[in-house]
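Student: Following the hints, complete the assembly by docking chains B, C, D, E and F onto the known chain A.
6 protein chains.
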Amino acid sequence: MPVINVKMTHEDGGASKEQKEEFTKKIANDFEEVFKRSSKNAVVIIEEVNTDNYSIGGETITNIRKNKA
Amino acid sequence: MPVINVKMTHEDGGASKEQKEEFTKKIANDFEEVFKRSSKNAVVIIEEVNTDNYSIGGETITNIRKNKA
Amino acid sequence: MPVINVKMTHEDGGASKEQKEEFTKKIANDFEEVFKRSSKNAVVIIEEVNTDNYSIGGETITNIRKNKA
Amino acid sequence: MPVINVKMTHEDGGASKEQKEEFTKKIANDFEEVFKRSSKNAVVIIEEVNTDNYSIGGETITNIRKNKA
Amino acid sequence: MPVINVKMTHEDGGASKEQKEEFTKKIANDFEEVFKRSSKNAVVIIEEVNTDNYSIGGETITNIRKNKA
Amino acid sequence: MPVINVKMTHEDGGASKEQKEEFTKKIANDFEEVFKRSSKNAVVIIEEVNTDNYSIGGETITNIRKNKA
Chain A
1 MPVINVKMTH
11 EDGGASKEQK
21 EEFTKKIAND
31 FEEVFKRSSK
41 NAVVIIEEVN
51 TDNYSIGGET
61 ITNIRKNKA
Chain B
1 MPVINVKMTH
11 EDGGASKEQK
21 EEFTKKIAND
31 FEEVFKRSSK
41 NAVVIIEEVN
51 TDNYSIGGET
61 ITNIRKNKA
Chain C
1 MPVINVKMTH
11 EDGGASKEQK
21 EEFTKKIAND
31 FEEVFKRSSK
41 NAVVIIEEVN
51 TDNYSIGGET
61 ITNIRKNKA
Chain D
1 MPVINVKMTH
11 EDGGASKEQK
21 EEFTKKIAND
31 FEEVFKRSSK
41 NAVVIIEEVN
51 TDNYSIGGET
61 ITNIRKNKA
Chain E
1 MPVINVKMTH
11 EDGGASKEQK
21 EEFTKKIAND
31 FEEVFKRSSK
41 NAVVIIEEVN
51 TDNYSIGGET
61 ITNIRKNKA
Chain F
1 MPVINVKMTH
11 EDGGASKEQK
21 EEFTKKIAND
31 FEEVFKRSSK
41 NAVVIIEEVN
51 TDNYSIGGET
61 ITNIRKNKA
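Those protein sequences? They're chains A, B, C, D, E and F, same order as listed. Going by the UniProt record's numbering, the residue at position 4 of the first sequence is 4; the numbering climbs one at a time, nothing skipped. Going by the UniProt record's numbering, the residue at position 13 of the second sequence is 13; the numbering climbs one at a time, nothing skipped. Going by the UniProt record's numbering, the residue at position 69 of the third sequence is 69; the numbering climbs one at a time, nothing skipped. Going by the UniProt record's numbering, the residue at position 61 of the fourth sequence is 61; the numbering climbs one at a time, nothing skipped. Going by the UniProt record's numbering, the residue at position 54 of the fifth sequence is 54; the numbering climbs one at a time, nothing skipped. Going by the UniProt record's numbering, the residue at position 27 of the sixth sequence is 27; the numbering climbs one at a time, nothing skipped.
Chain A extracted, bound-state conformation (with noise of 0.2 Å):
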C-alpha cells in the first residue's frame, strides 16, 4: 500500500525499461517481506533528473563527475 517516489539521476542514456521494471518489483517484495503487508496497491513511481538538477554537498553532480574523471 505504499507510495514510494525514487529520485535518480539520469546518467549512461538512463535506467533501462528492465533496470526499472526489475527495481520497482523488488520493492514490491521487499514491503511485503518487512512489514508483512500487501503490496497490492504499492505505487513506485521513478523519476530521472538531470545531473544539473541534483546535487550533494553544494555541488551538482555534473560537478562531480566532472571533478573525478
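What the hints contain is simulated information worked out from the structure, not anything from laboratory work. A hint or two may mislead.
Which copy? The list can't say, so a pair holds if one copy fits it or any two copies do.
[Said to hold, decoys possible] Simulated pairs of lysine-lysine, DSS-like, Cα-Cα distance not exceeding 30 Å:
no.	residue 1	residue 2
1	LYS66	LYS17
2	LYS17	LYS68
3	LYS36	LYS68
Just so it is clear, the structure is predicted and the values come from calculations on it, not from any experiment.
Tutor: Using the frame of chain A, we list chains B, C, D, E and F on its own:
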C-alpha cells in the same frame, strides 16, 4: 493555501492544457468548499510520468496495459 | 491512478475526519471527470503541517496570521 | 545516490525500528544490484501516515479497514 | 543532511547551469549557518515544471502570465 | 514562486521557530537573487523526520549517530 502535487501517467498524448486548467480549478474550489479556507495561494503542480516509470503492485503501467490488451 | 499529495497547514484543531473524506472523494471524482480515467487506484495523501514550518514569501504562516490579527 | 521517499500508513502501532532498518538496507541493496551504482549516498525517508489521511479510490484507509471488518 | 526539493516553473529558456549551481551552494550554506549542522550530505533537487502544469489560486502560470501581458 | 520542500532529521529537540523563520527567509532571498524572479509566492515547507526514519547508505541516522559516539 495548500500545495497539491499530482503525479499521473502520461498516456494517449498526455493531458491537454484545458484538462489541466479544469482540474486545477476544481481542486482549488474543492479546497475552499470543504475546508472553508481561501485557495488564493493554493499551488497545484501536475507531473506526468512515463508509464515505464510508474508501477502498481510491482508491475509497470506499461506492462499492465499490455497484459490487458 | 494518480498519486495526489496535499500539504496544508494544521490550524484550528486540524481538518476533521469528515473533511478529509469529503476532499478525497471530490478529488477522485474530479480526476475521473476531467481526464476520463478511472480513479480506482487513485491515492490521496493529506499532510497537515505546523504553521511554523510552512511559509509563503519568506514569512511563516504563524507570523502572517499574527500580523493580520 | 537516489533519494527514496516511502509513504505508508501507520497501523498496528506502526513500523518497528528494526523493520525500518531492514527495509532501508534492502532498498539500498536493490539499488546497487539493479542499477550497478553505489548506494553510499542513497537517502531513504519513511513517513507513516494516519489512516484518515491516506485514501485509495476516494475511500480513506480507515473506512476501507472498517468495511472489511 | 537535509533533502531539499525545489519545484519552479520553466520560463525564458529555463534556469541556467550556473544559476542551479549557485542556488544549490547557497542553500547548502544557509543550512549550515542556520542549523549549525553539516551540509556534507545535503541533497538539493531542482525540478522545472511547464507553466501549463503549475497553478496558483486555480490559474495556471501560463494564464497568469497571459493576463498580465 | 517556487515550492521548496525541506526534509531534515529532528535532532536535539528540533529546529527552533527562529531557525525555521531565518532559513525560510534566506531561501526566499536566494531564489530572488539567483533567478531574478519574485519570491512573493514562494512556499517553503520544512518537515522534521525521526532519525529512525531517515537513512543514508542503508544506515538509519539513529545508528550512524550511535556508531560515531
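Student: Are the hints correct? Go through all of them and say.
Tutor: Now the hints, each set against the structure:
In this homomeric assembly, LYS66 and LYS17 come within 30 Å of each other (Cα to Cα) both inside a single copy, at 27 Å, and across copies, at 14 Å. Proximity of LYS17 and LYS68 under a CA criterion of 30 Å is satisfied in both settings, with 28 Å inside one chain copy and 19 Å between copies. With identical chains, the CA atoms of LYS36 and LYS68 are at most 30 Å apart between copies only, with a shortest distance of 18 Å across copies and 42 Å within one.
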